[in-house]
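Student: As you go down the protein sequences, you meet chains A and B in turn. My numbering runs 25 ahead of the 1-based position in the first sequence. My numbering runs 25 ahead of the 1-based position in the second sequence.
Heads up, some of the hints might be wrong.
[Unchecked claim] Restraint ranges, calculated between C-beta atoms of paired labels, are given here: (1) A/His47 with B/His47: 16 to 22 Å; (2) A/Ser227 with B/Ser205: 37 to 43 Å; (3) A/Asn131 with B/Ala136: 21 to 27 Å; (4) B/Ala57 with A/Lys108: 53 to 59 Å.
[Claimed, not checked] A few chain A positions that, by computed beta-carbon distances, are all more than 12 Å from chain B: (5) Ala72; (6) Ala100; (7) Gln110; (8) Leu192; (9) Asp194; (10) Ala197; (11) His203; (12) Met208.
Just so you know, these hints were derived from the structure itself, not from any lab. Here a beta-carbon is modelled for each residue, glycine too, at the ideal position from N, C-alpha and C.
Protein chains: 2
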Amino acid sequence: MSRPLHPKVAETDHDILEVIRHRWSPRAFDAAGDASDAELQRLFEAARWAPSSANEQPWRFVVASARRNPVAFAAMLDALTPKNQAWAKHAAALVLTAVRLTFERNGAPNAMAWYDAGQAVGFLSLQATADGLATRQMRGFDADRARTACAVPPEFEPTVIIAIGRLGDPEALEVELHRSAEMQPRQRRPLREFVFVETWGSAFGATGS
Amino acid sequence: MSRPLHPKVAETDHDILEVIRHRWSPRAFDAAGDASDAELQRLFEAARWAPSSANEQPWRFVVASARRNPVAFAAMLDALTPKNQAWAKHAAALVLTAVRLTFERNGAPNAMAWYDAGQAVGFLSLQATADGLATRQMRGFDADRARTACAVPPEFEPTVIIAIGRLGDPEALEVELHRSAEMQPRQRRPLREFVFVETWGSAFGATGS
């Protein structure tokens, strides 16, 4: 594979979907950039078609556009840790993700709720990449404040807040650590460390990493 | 949008990635079909590039090919519920997914482990779709038996077993409910029921579903 032009394009050991190679989680968002409601809806449409246990679709989303919902955006931003606020304030939209912890049909605990939500947000993030939008998911927020800001009912639990927008200039980031992270190649474990054959610890495949 | 030829191609309200429209979770696998190790490795490469909290990459996979690892395949199959065994026995491979519940660097609980694993398997499932492979994720299995079959260490927790293979003939399925489900259109909640603007319950967007 030829050397990618952008340091965040994954250096893969096997050919994979371009949209997966190109997805990454920036902190540098363009403060002048927007994501239209139509663009955002397409992201949720992508999330909609994720699989889920018993087709429960436990995920819910609350959208706050910086331009069209500035008060809600500010309230959601306020729930983030100060470190996340420092860069997320330039996102075009913040999206709270929450999951229903029990099955609607019988109230039984849904052990797959978080897992299923991760899958839905994964689809959302790939759709965003395809559409020229960047996303970064954050766990660094105060769940109680987020719950209050978005009026999340008790049977749901906030999972992540997603920053969505146009990629910005890394040099505009206020925190030096954030600036340098923005240009470092993405790092992952080699396959042999997390894919086993037949039994735990037996690396799958003699080739590749 | 024109009517799709296959009932499982999603009838979307907004244009989304073709690979998301076409992904679905069959039970009808072609007993004569295989998935090569090279094909399987590409799926794990796709999972590898999913985002995760603090880049922990808590996911691990144990692969059992029906042809190349028949004993391990039979052991994993045996951990499934009888209903799942009835169709999953025709898959080309079974893959146990497990997550590390604590962060490697400090042993602290990782609240995002399941969520992150869902995202990684979501990427895997889309890569499979792109490569002409079908996947179905199952929670219906005995976690203790799966742990024993794959020697999963105590600090990891089994999440799903994934059936992977070539799409088969629905009529070959043994269970009538499985046969009929195989040809029914995929159903999802409309966007207005799970995407809100500014606050919970306020449907996002006036158009679309």
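Student: Evaluate each hint against the coordinates.
Tutor: Verification of the hints:
Distance hint for histidine 47 of chain A and histidine 47 of chain B: a CB-CB separation of about 20 Å, consistent with the stated range 16 to 22 Å. At about 40 Å, the beta-carbon gap between serine 227 of chain A and serine 205 of chain B stays in the expected band of 37 to 43 Å. Separated by about 25 Å at the C-beta atoms, asparagine 131 of chain A and alanine 136 of chain B satisfy the suggested range of 21 to 27 Å. At roughly 54 Å, the beta carbons of alanine 57 of chain B and lysine 108 of chain A sit within the given window of 53 to 59 Å.
Listed as a non-interface residue, alanine 72 of chain A fails to keep its Cβ farther than 12 Å from every Cβ of chain B; the least gap is roughly 8 Å. For alanine 100 of chain A, the requirement that its beta carbon stay farther than 12 Å from each beta carbon of chain B is not met, with the minimum near 9 Å. For glutamine 110 of chain A, the shortest C-beta to C-beta distance to chain B comes to about 18 Å, beyond the 12 Å cut-off, and the non-interface label holds. Interface exclusion of leucine 192 of chain A from chain B stands, the closest Cβ pair being 16 Å apart, more than 12 Å.
Under the 12 Å C-beta cut-off, the non-interface status given to aspartate 194 of chain A relative to chain B holds; the minimum distance is some 22 Å. Every Cβ of chain B is farther than 12 Å from the Cβ of alanine 197 of chain A; the closest lies at roughly 22 Å, confirming the non-interface assignment. Every C-beta of chain B lies more than 12 Å from that of histidine 203 of chain A, the closest at about 15 Å, which supports listing it as non-interface. No Cβ of chain B approaches the Cβ of methionine 208 of chain A within 12 Å, the least distance being about 16 Å, so the stated non-interface status holds.
Of the hints listed earlier, those the structure fails to meet are numbers 5 and 6, in rising order.
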